[in-house]
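Model the full assembly from the supplied sequences, consistent with the hints where possible.
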Amino acid sequence: MQHRISPKQMQDVAGLCPITEANLGDGIFPFEAYVAQSGRFGIGSDSNVLLSSWEELRLLEYGLRLQSQKRCVALLPDHKGPIGAWLYRQSLAGGAQASGLPLSGLQPGARADLCVLDKQALSRS
1 MQHRISPKQM QDVAGLCPIT EANLGDGIFP FEAYVAQSGR FGIGSDSNVL
51 LSSWEELRLL EYGLRLQSQK RCVALLPDHK GPIGAWLYRQ SLAGGAQASG
101 LPLSGLQPGA RADLCVLDKQ ALSRS
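Each residue of the sequence shown is one higher than the one before, counting from 1 in the UniProt record's numbering.
Hints in this document: simulated from the structure, not taken from any laboratory. A couple of the hints might just be wrong.
The calculated label-pair distances, taken between Cβ atoms and stated as ranges, are [stated by the list, open to error]: (1) 103 with 82: 31 to 41 Å; (2) 110 with 25: 37 to 47 Å; (3) 8 with 115: 35 to 45 Å; (4) 71 with 33: 25 to 35 Å; (5) 53 with 28: 14 to 24 Å; (6) 65 with 24: 11 to 21 Å; (7) 48 with 6: 47 to 57 Å; (8) 38 with 58: 17 to 27 Å; (9) 116 with 78: 35 to 45 Å; (10) 6 with 28: 20 to 30 Å.
Since this is a predicted model, take the numbers as computed values, not measurements. For every residue, glycine included, the Cβ atom is placed at its ideal position computed from N, Cα and C.
Structure below.
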């Protein structure tokens, strides 16, 4: 099936929740066709199965691999480098666009909300 996105949809951001979709058996988003047409995406979760942005991205790629029986499906042919890093950067850019905030990732001078865990304190519990 061929998926086409309209010029209006190209301005939108697809919110992908691969863990939830896998848990519910809802199917796999037509990621290759969407991204090939300059579609933007972010990731999220509306599930209590697992809350992990890294696992959302991993399951996105693994679902595409199972569907196509190929590796590195989400990485477009003209992009090089690790698939995980590319997915992460693209999902951050899409998430920033969807939020409407001037977010730019972890960079000098950029605003950031961070949490630092004291590993020693955790080992004493």
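Going down the list of hints, with the structure as the test:
1. Taking 31 to 41 Å as the suggested C-beta distance range, the pair residue 103 and residue 82 does not conform, at roughly 22 Å.
2. Hint check: residue 110 to residue 25, Cβ distance near 39 Å, so the stated range 37 to 47 Å holds.
3. The beta-carbon spacing between residue 8 and residue 115, approximately 37 Å, falls within the hinted interval of 35 to 45 Å.
4. Look at residue 71 against residue 33: about 18 Å separates their beta carbons, and that is not inside 25 to 35 Å.
5. Under the hint 14 to 24 Å, the C-beta atoms of residue 53 and residue 28, about 18 Å apart, fit the expected range.
6. At roughly 20 Å, the beta carbons of residue 65 and residue 24 sit within the given window of 11 to 21 Å.
7. Our hint of 47 to 57 Å for residue 48 and residue 6 is violated, since their Cβ atoms are close to 34 Å apart.
8. In this structure the hint that residue 38 and residue 58 lie 17 to 27 Å apart at CB holds, the actual value being about 24 Å.
9. Look at residue 116 against residue 78: about 38 Å separates their beta carbons, and that is inside 35 to 45 Å.
10. Judged by the Cβ atoms, the range 20 to 30 Å given for residue 6 and residue 28 holds: they are separated by roughly 21 Å.
The structure does not agree with the numbered hints 1, 4, 7 stated previously, though it agrees with the rest.
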